[in-house]
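Trainee: Numbered as in the numbering used here, the sequence shown ends at 113 without a single skipped number.
Don't read these hints as lab results, they were simulated from the structure. Nothing here was measured: the structure is a model prediction, and the numbers come from that model. Each hint should be verified, as a subset may be incorrect.
As the list claims (entries may be wrong) - Restraint ranges, calculated between C-beta atoms of paired labels, are given here: (1) G33 with A100: 16 to 24 angstroms; (2) A79 with A109: 26 to 34 angstroms; (3) M63 with N86: 30 to 38 angstroms; (4) R57 with D92: 30 to 38 angstroms.
All C-beta atoms, glycine included, are put in the ideal place defined by N, C-alpha and C.
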Amino acid sequence: DAAQIFTETQSRDIGCLAVVSIISEEQRRNAPGAYDYPDIREAGPRWASAVSDRIARESGQSMEFVRKAIWDAVGKEQAGVRDIANPKSYVDQRMTTCLALMRADLERASAGQ
Numbered sequence: 001d002a003a004q005i006f007t008e009t010q011s012r013d014i015g016c017l018a019v020v021s022i023i024s025e026e027q028r029r030n031a032p033g034a035y036d037y038p039d040i041r042e043a044g045p046r047w048a049s050a051v052s053d054r055i056a057r058e059s060g061q062s063m064e065f066v067r068k069a070i071w072d073a074v075g076k077e078q079a080g081v082r083d084i085a086n087p088k089s090y091v092d093q094r095m096t097t098c099l100a101l102m103r104a105d106l107e108r109a110s111a112g113q
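I would like the entire structure built from these sequences, with the hints used as guidance.
Mentor: Rendered as structure tokens:
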């Protein structure tokens with residue numbers, strides 16, 4: 001089980017990569033509501049690449065394994081949204097958390113840390 005292989009932080013980051021990937025793709029497709037969030041079509045993939053590299057390095061898992069964990073998380077996020085009364089509220093909450101993580105990581109990276 002991937003949950004036992006990754007740390008809590010890595011699992012959180014994988015979940016956020018899933019959410020950011022979904023919104024980024026919806027923005028590319030101009031899906032209704034996708035631009036309720038900041039435009040992440042460029043920053044999202046850049047962050048996903050950096051974080052998946054870090055998770056692979058830290059966990060000792062292959063990039064293929066990490067990518068599969070992210071795809072699994074995408075499926076879980078999409079399935080979860082279908083089963084709740086207020087999906088917009090859930091996505092708003094997830095994006096607030098995940099955008100903050102993404103911004104902090106990208107700022108650290110641009111500062112060369």
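Trainee: So, for every hint listed, does it hold in this structure?
Mentor: Results for each hint:
For G33 and A100, the hinted distance range of 16 to 24 angstroms is satisfied, since their beta carbons lie about 20 angstroms from each other. One distance hint, 26 to 34 angstroms for the beta-carbon pair A79 and A109, holds here, with the actual separation near 31 angstroms. About 35 angstroms separates the C-beta atoms of M63 and N86, a value consistent with the hinted range of 30 to 38 angstroms. Between R57 and D92, the C-beta spacing of about 32 angstroms keeps the proposed range 30 to 38 angstroms intact.
Hint compliance for this structure: every hint is met.
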